[in-house]
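Please model the entire structure based on the sequences and the hints provided.
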Amino acid sequence: MTEEADASPGRPRAGHFAVEAHLDYPILAKVLGVELGKTVQTRARRAQPAGRKWATRTTASKGAAVERVAAPPDDADEPLDRTALRSTVVVTPMGFAAELETADELAVVDGHAPTAPQERIIRLQPCPVRELARSHPGVGCGIHSGPLQGLLADNPATDGRRKAPQPPRWAYLELFVEPEPCLARLVAG
Numbered sequence: 350m351t352e353e354a355d356a357s358p359g360r361p362r363a364g365h366f367a368v369e370a371h372l373d374y375p376i377l378a379k380v381l382g383v384e385l386g387k388t389v390q391t392r393a394r395r396a397q398p399a400g401r402k403w404a405t406r407t408t409a410s411k412g413a414a415v416e417r418v419a420a421p422p423d424d425a426d427e428p429l430d431r432t433a434l435r436s437t438v439v440v441t442p443m444g445f446a447a448e449l450e451t452a453d454e455l456a457v458v459d460g461h462a463p464t465a466p467q468e469r470i471i472r473l474q475p476c477p478v479r480e481l482a483r484s485h486p487g488v489g490c491g492i493h494s495g496p497l498q499g500l501l502a503d504n505p506a507t508d509g510r511r512k513a514p515q516p517p518r519w520a521y522l523e524l525f526v527e528p529e530p531c532l533a534r535l536v537a538g
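For the record, in the sequence shown the residue sitting at position 40 is 389 according to my numbering, with numbers rising by one throughout.
Hints may be right or wrong, so weigh each one.
Derived CB-CB ranges, DEER-like [what the hints assert, rightly or not]: (1) Glu529 x Pro361: 48 to 56 Å; (2) Glu450 x Pro398: 21 to 29 Å; (3) Pro442 x Glu384: 24 to 32 Å.
Hints were generated in silico from the structure; no laboratory data involved. We put the beta carbon where it would ideally sit given N, CA and C, even for glycine.
Put into structure tokens, the structure is as follows:
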């Protein structure tokens, strides 16, 4: 609201103007990046649990629909395959178009190819926190690696059918391997 100064008697004339509501995301990202800790390691360590909580809230709000989609097909009896399929479903509501690469299209990144039976690759694009990931990779990528680490921690070695040969052991993200996508690698063994 603005008031116009006027020499006439009575109250000043009031005028209104519209202001577009707008979140300054780059500033918010910088604040988040700095306030999670003083060092890169501290920020990354604190971002992972935040990512786990974000994924938990996101999937909980979708309820049974996520669980139905996350249920692996019958031919995906390997724990690594089940976790990879579930991971694509969990990160999708977080803003990614997640694609699980098939064995014949597994990416060779930085000169090393995955060993297909022991590694699954998920192509993540576009990054919903791209600017934060570029300016504070420990925070932006920590937020996204948290859910992957959580899925690995929650993955039982057996599910009642038979003993699983190699449950997934760890996951990591490779940032911006091409102009846009990041890769999530889930590794067994």
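Quiz item: Is it true that the C-beta distance of glutamate 529 to proline 361 lies inside 48 to 56 Å, as the hint says?
Solution: holds (53 Å)
Quiz prompt | Cβ separation of glutamate 450 and proline 398, checked against the hinted range 21 to 29 Å | solution = Check passed, 28 Å falls within 21 to 29 Å.
Exercise. Confirm or reject the claim that proline 442 and glutamate 384 have a C-beta distance inside 24 to 32 Å.
Key: Check passed, 25 Å falls within 24 to 32 Å.
In summary, this structure violates none of the numbered hints.
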